[in-house]
Amino acid sequence: MSQFEGFRGGNAGVGVETGGFGIRPYKIAVIAWESLHGVAVGSVSVHVSYLAENLVQRGHEVHLFVRRAPQQSEYENVHGVHYHRVYSTYDRDFVTEVSNLCHAFVAEVNNAESFMNAAFDIMHCHDWMTAPALKILKTTMDRKCIFTMHSTNGIRCGSKSFGSLTNKVIELEQDGVGFCDRVVGVTGPLCDRIKVDYSFDWDKLRCIPYAFPFGEYENDNQNFDVRRKFHWDRNDFLIMYFGLFSPNRNLETLLDAMKLVAKDHHHAKLVLVGEGLMGVELQNLADEMEIGHRVAFLRGTQSSERKALYRSAEVVIQPVSSENVGTVCLEAWACRKPVVSTTSSALRELITHQEDGLLVEADAEGLSWAMKYCLQNPENARKMGNNGFEKLSSPQFSSQRIAELMNNVYDEVHGIYPA
Numbered sequence: 001m002s003q004f005e006g007f008r009g010g011n012a013g014v015g016v017e018t019g020g021f022g023i024r025p026y027k028i029a030v031i032a033w034e035s036l037h038g039v040a041v042g043s044v045s046v047h048v049s050y051l052a053e054n055l056v057q058r059g060h061e062v063h064l065f066v067r068r069a070p071q072q073s074e075y076e077n078v079h080g081v082h083y084h085r086v087y088s089t090y091d092r093d094f095v096t097e098v099s100n101l102c103h104a105f106v107a108e109v110n111n112a113e114s115f116m117n118a119a120f121d122i123m124h125c126h127d128w129m130t131a132p133a134l135k136i137l138k139t140t141m142d143r144k145c146i147f148t149m150h151s152t153n154g155i156r157c158g159s160k161s162f163g164s165l166t167n168k169v170i171e172l173e174q175d176g177v178g179f180c181d182r183v184v185g186v187t188g189p190l191c192d193r194i195k196v197d198y199s200f201d202w203d204k205l206r207c208i209p210y211a212f213p214f215g216e217y218e219n220d221n222q223n224f225d226v227r228r229k230f231h232w233d234r235n236d237f238l239i240m241y242f243g244l245f246s247p248n249r250n251l252e253t254l255l256d257a258m259k260l261v262a263k264d265h266h267h268a269k270l271v272l273v274g275e276g277l278m279g280v281e282l283q284n285l286a287d288e289m290e291i292g293h294r295v296a297f298l299r300g301t302q303s304s305e306r307k308a309l310y311r312s313a314e315v316v317i318q319p320v321s322s323e324n325v326g327t328v329c330l331e332a333w334a335c336r337k338p339v340v341s342t343t344s345s346a347l348r349e350l351i352t353h354q355e356d357g358l359l360v361e362a363d364a365e366g367l368s369w370a371m372k373y374c375l376q377n378p379e380n381a382r383k384m385g386n387n388g389f390e391k392l393s394s395p396q397f398s399s400q401r402i403a404e405l406m407n408n409v410y411d412e413v414h415g416i417y418p419a
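Each residue of the sequence shown is one higher than the last, beginning at 1 in this note's numbering.
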């Protein structure tokens with residue numbers, strides 16, 4: 001098992017006292033569909049990776065089990081986090097693909113434990129794509145399991161149904177919240193939605209926001225490298241979306257808005273960065289609308305490229321009409337970019353209109369107005385981006401504080417509570 005060389009495992013185990021941050025260091029296994037040093041898709045990848053790093057700083061031993069991108073090694077230590085990368089085998093049935101990957105995750109967890117000759121104290125699974133792994137770990141291995149939900153099927157899909165796929169995802173989310181020892185929602189509105197959508201003991205629900213280290217996004221030296229790589233002109237005004245290509249993201253409306261913008265602003269380009277079921281459908285729609293040459297689709301970006309994309313953007317747009325909040329707004333502000341979103345999204349809790357971004361109606365007219373405003377008022381757009389950067393210095397966004405809150409949840413499941 002040479003892929004495990006580099007982590008023999010220290011003394012971080014149950015019952016060991018330490019000074020500094022806490023009384024009990026843990027061996028933590030984190031299982032995630034996406035990460036900054038595996039396959040990066042959207043907000044979850046940022047949260048997962050930086051939370052892991054901050055938990056390491058608190059004295060824990062953290063192993064992150066993630067999907068493996070081409071040319072990546074099976075094992076790598078990144079900033080103290082042990083990354084175990086597993087290939088995801090394609091299947092026409094996406095839920096079957098997820099299930100197969102989760103069985104591979106569990107096998108890799110077993111391999112790691114055998115190599116260390118020690119068991120993990122905490123199993124922390126993120127989102128429905130890891131629920132099959134959580135169910136196995138809880139029901140067959142009786143592990144302490146945490147399940148973080150970054151959204152729900154109802155939020156992602158809105159009123160749309162994908163038939164049996166929708167039903168299977170709902171069942172997996174129910175398994176996740178039902179079998180785990182603690183459920184974590186990343187916003188208050190999301191926690192409320194989880195209670196409405198699923199049956200479980202509400203006493204085990206906790207609300208812990210995203211972890212985000214904004215200082216690492218400041219460097220902007222790679223702007224034109226990214227533009228050259230994707231054949232974008234230096235004069236192109238890049239409007240970027242980051243996230244899933246899914247029904248609740250209002251992306252069809254964003255394309256309608258881009259068509260309105262393109263009529264008068266020939267150097268405007270919309271860049272959609274992410275993955276999801278609607279990717280091909282959206283590309284075809286852009287072609288049908290005769291704006292395909294003004295819209296770029298990028299999938300499966302890694303950490304360094306993702307940061308460079310943010311730095312290359314003039315404005316970041318999140319046209320969501322649901323209540324979920326991701327880290328995209330924070331990433332944009334960290335790169336001093338203004339954020340456009342809608343008055344019906346949870347980003348209204350973060351954005352101050354015309355101070356650090358724009359809040360508009362979730363229709364083509366509102367979104368196109370916001371994009372045109374930034375095109376026509378570049379100085380104001382830059383000022384809003386700078387204001388967003390300043391807002392990030394608030395303790396509200398401290399990744400160290402988020403790691404402390406998560407540490408408290410880990411303690412709870414081991415029977416440790418604050419004095």
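It should be emphasised that the hints constitute simulated quantities derived from the structure, not laboratory data.
Do not rely on the hints blindly, as some may be mistaken.
[Unchecked claim] Okay, the calculated beta carbon distance ranges per label pair:
#, residue 1, residue 2, range
1, E76, A119, 19 to 27 Å
2, D233, C207, 26 to 34 Å
3, L405, D233, 38 to 46 Å
4, T166, D287, 24 to 32 Å
5, E74, P378, 41 to 49 Å
6, K229, H414, 19 to 27 Å
7, H103, P418, 36 to 44 Å
8, Q354, S394, 13 to 21 Å
9, D93, E281, 13 to 21 Å
10, E74, K229, 46 to 54 Å
11, N377, T166, 39 to 47 Å
12, G188, K229, 13 to 21 Å
13, E404, D233, 26 to 34 Å
14, N377, D287, 47 to 55 Å
Glycine is no exception: its CB is placed at the ideal position from the N, C-alpha and C atoms.
Against the structure, the hints:
Distance hint check for E76 and A119: the Cβ-Cβ separation is about 23 Å, which falls inside the suggested range of 19 to 27 Å. For D233 paired with C207, a C-beta distance near 44 Å fails the hint of 26 to 34 Å. A C-beta distance of roughly 45 Å is found between L405 and D233, which places it inside the suggested range of 38 to 46 Å. For T166 and D287, the hinted distance range of 24 to 32 Å is satisfied, since their beta carbons lie about 27 Å from each other.
At about 46 Å, the beta-carbon gap between E74 and P378 stays in the expected band of 41 to 49 Å. A hinted range of 19 to 27 Å for the beta carbons of K229 and H414 is inconsistent with their spacing of about 47 Å. For H103 paired with P418, a C-beta distance near 37 Å keeps the hint of 36 to 44 Å intact. Roughly 19 Å separates the CB atoms of Q354 and S394, a value that falls within the hinted 13 to 21 Å.
A hinted range of 13 to 21 Å for the beta carbons of D93 and E281 is consistent with their spacing of about 18 Å. For E74 paired with K229, a C-beta distance near 27 Å fails the hint of 46 to 54 Å. With their beta carbons about 42 Å apart, N377 and T166 fall inside the hinted range of 39 to 47 Å. The hinted range of 13 to 21 Å is not satisfied by G188 and K229, whose Cβ atoms lie roughly 39 Å apart.
For the pair E404 and D233, the beta carbons lie near 46 Å from each other, so the given range of 26 to 34 Å is not met. For the hinted restraint 47 to 55 Å between N377 and D287, the CB-CB distance of approximately 31 Å leaves it violated.
Of the numbered hints given earlier, the model fails hints 2, 6, 10, 12, 13, 14; all others are met.
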